[in-house]
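Chemist: Listed here are the chains, written in short residue letters.
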Amino acid sequence: MEAVDLDVRRQVYFSIVAQGRPPTTAETSGALDLPEREIAAAYRRLHDAHALVLFPGTTDVWMANPFCFAPTPHRVTAGGRTWTGTCAWDALGIPAALHGDGRIASACACCGDPLSLAVEDGALVEGADVVVHFLVAARRWWDDIGFT
Amino acid sequence: MVFLRSEEHLARWLEANGWEPGATLSASTLNELARSWWWTRLDPGWRPRSTAESQAILDDLGLAGDFWRLT
Chain A
-10 MEAVDLDVRR QVYFSIVAQG RPPTTAETSG ALDLPEREIA AAYRRLHDAH ALVLFPGTTD
50 VWMANPFCFA PTPHRVTAGG RTWTGTCAWD ALGIPAALHG DGRIASACAC CGDPLSLAVE
110 DGALVEGADV VVHFLVAARR WWDDIGFT
Chain B
27 MVFLRSEEHL ARWLEANGWE PGATLSASTL NELARSWWWT RLDPGWRPRS TAESQAILDD
87 LGLAGDFWRL T
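Taken in order, these protein sequences are the chains called A and B.
The first sequence runs -10 to 137 under the numbering used here.
The second sequence runs 27 to 97 under the numbering used here.
The following block holds chain B by itself, in its conformation from the complex (with noise of 0.2 Å):
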């Protein structure tokens, strides 16, 4: 995923590559992500989240539909 400083730029890259687009999402939007994605990341008890798990982070931040789901 990538960091773009527009729609109008989003555009612009997807049309240049000829890509179909995905899913896009405000940074304010994703820091929510990488925090509750990440934040456990280096805790000495760490164990690897079920994909359940990792999908309610998901879906908490009302990343919905198809694109979304983990399987």
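Pulled out of the complex, with its shape left as it was, chain A reads as follows (with noise of 0.2 Å):
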């Protein structure tokens, strides 16, 4: 991975701890004093690297997991702010990510029923009794990285 990407990458994670949402390319641009077009581009690069994941056809941020800035079931507590999880996985992520505690609020895939799960200290103290279920082998997750 090329070192301006490193960069840029950086970038939009610290902004997203910071302002709990991605930043435009034109917000990296002038945070990085790089032309827009190559913050672009460098979106793109990570985008194709499975570093973060664009809206289609967009250079706006989808997924910088394990963050999520579409709608899900799974909503995150932790470091102050309310995120939003991908999937099982990355709702666990979040609080991982951010080396804290955290309250998974979601629902049953099935029934739709409310679910919630804490972490404290980095153990699960809340929600032991939850099953969680991957239907995608390993191999194919980022055939289609919205569902595994």
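Check the hints yourself; a few may be wrong.
Far from chain A, by Cβ distances over 10 Å, these chain B residues were calculated [stated by the list, open to error]:
#1 G48
#2 L68
#3 A78
#4 E79
#5 D86
#6 G88
Quick partial rundown of chain A residues pointing at chain B, CB under 7 Å, derived from the structure [unchecked claim]:
#7 V(-7)
#8 V42
#9 L43
#10 P55
#11 T73
#12 C76
#13 A77
#14 G82
#15 A86
#16 C97
#17 A98
#18 L104
#19 V121
#20 R128
#21 W131
Label-pair distances were calculated between CB atoms; the ranges are [unchecked claim]:
#22 A:R129 - B:D85: 31 to 39 Å
#23 B:R38 - A:V(-7): 28 to 36 Å
#24 A:P24 - B:G91: 45 to 53 Å
#25 B:G44 - A:D(-4): 24 to 32 Å
#26 B:D86 - A:R129: 36 to 44 Å
#27 A:F3 - B:G91: 36 to 44 Å
#28 B:G91 - A:D(-4): 36 to 44 Å
#29 A:G19 - B:A42: 44 to 52 Å
#30 A:G69 - B:R38: 36 to 44 Å
#31 B:R75 - A:A112: 19 to 27 Å
#32 A:A20 - B:E46: 26 to 34 Å
#33 A:P24 - B:R38: 47 to 55 Å
Read the hints as simulated data drawn from the structure, not as lab findings.
These figures come from a predicted structure and were not determined experimentally.
The beta carbon of each residue, even a glycine, is placed where N, CA and C say it ideally should be.
Using the hints, put the two standalone chains together into the complex.
Modeler: See the structure below:
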């Protein structure tokens, strides 16, 4: 991965944690003092490298895993904000990435009933009876990262 | 991957959608996986993991077999 791509990625994640949303290419351009077209190209390379996920045909960040910026059933309270996780794994990944405690409000994929999980000091302290299911085998996760 | 209330709900969900079962974990195991997988994601010096490094995380949690092979 090119050094500029690592810089752009770091700025994207820094901005997400600081502001609770991903930066536009214009905002990253301003933060790094690089032309916006170079930032847009870096966003696309990061997407191709699975380091970010962009909404199709745009340079808008859909996922900077484990953080997601489209609605899902997984709401995560951690680090003083409420976030969205792409999937069950990412929902638990948010407190892990933030190195803190977290609460997850989700729903049973079958019946839609609310499910609550909580992580404290790295341990799952609520929701241990919840079942997790992966439909898609690991080598095919990136065929459609929104459906795993 | 999704959360479900119980194994019974999982079976009902798979049948309703006509899907073949994949792999089922406890939420506690997924939490361990999440910690290993995402812990360094915000590190300033983050670099992409190699496939072998990612595979090792799965292996260390006993997630073995063809379903869990990344390549």
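Chemist: The structure should be examined with respect to each hint, and the outcome stated for every one.
Modeler: Each hint tested on the structure:
no.	hint	result
1	G48	violated, 4 Å
2	L68	violated, 5 Å
3	A78	holds, 13 Å
4	E79	holds, 14 Å
5	D86	holds, 14 Å
6	G88	holds, 14 Å
7	V(-7)	violated, 14 Å
8	V42	violated, 14 Å
9	L43	violated, 17 Å
10	P55	holds, 5 Å
11	T73	violated, 14 Å
12	C76	holds, 5 Å
13	A77	holds, 5 Å
14	G82	holds, 4 Å
15	A86	holds, 4 Å
16	C97	holds, 4 Å
17	A98	holds, 4 Å
18	L104	holds, 5 Å
19	V121	holds, 5 Å
20	R128	holds, 6 Å
21	W131	violated, 10 Å
22	A:R129 - B:D85: 31 to 39 Å	violated, 19 Å
23	B:R38 - A:V(-7): 28 to 36 Å	violated, 49 Å
24	A:P24 - B:G91: 45 to 53 Å	holds, 48 Å
25	B:G44 - A:D(-4): 24 to 32 Å	violated, 46 Å
26	B:D86 - A:R129: 36 to 44 Å	violated, 22 Å
27	A:F3 - B:G91: 36 to 44 Å	holds, 38 Å
28	B:G91 - A:D(-4): 36 to 44 Å	holds, 39 Å
29	A:G19 - B:A42: 44 to 52 Å	holds, 49 Å
30	A:G69 - B:R38: 36 to 44 Å	holds, 37 Å
31	B:R75 - A:A112: 19 to 27 Å	holds, 24 Å
32	A:A20 - B:E46: 26 to 34 Å	violated, 46 Å
33	A:P24 - B:R38: 47 to 55 Å	holds, 54 Å
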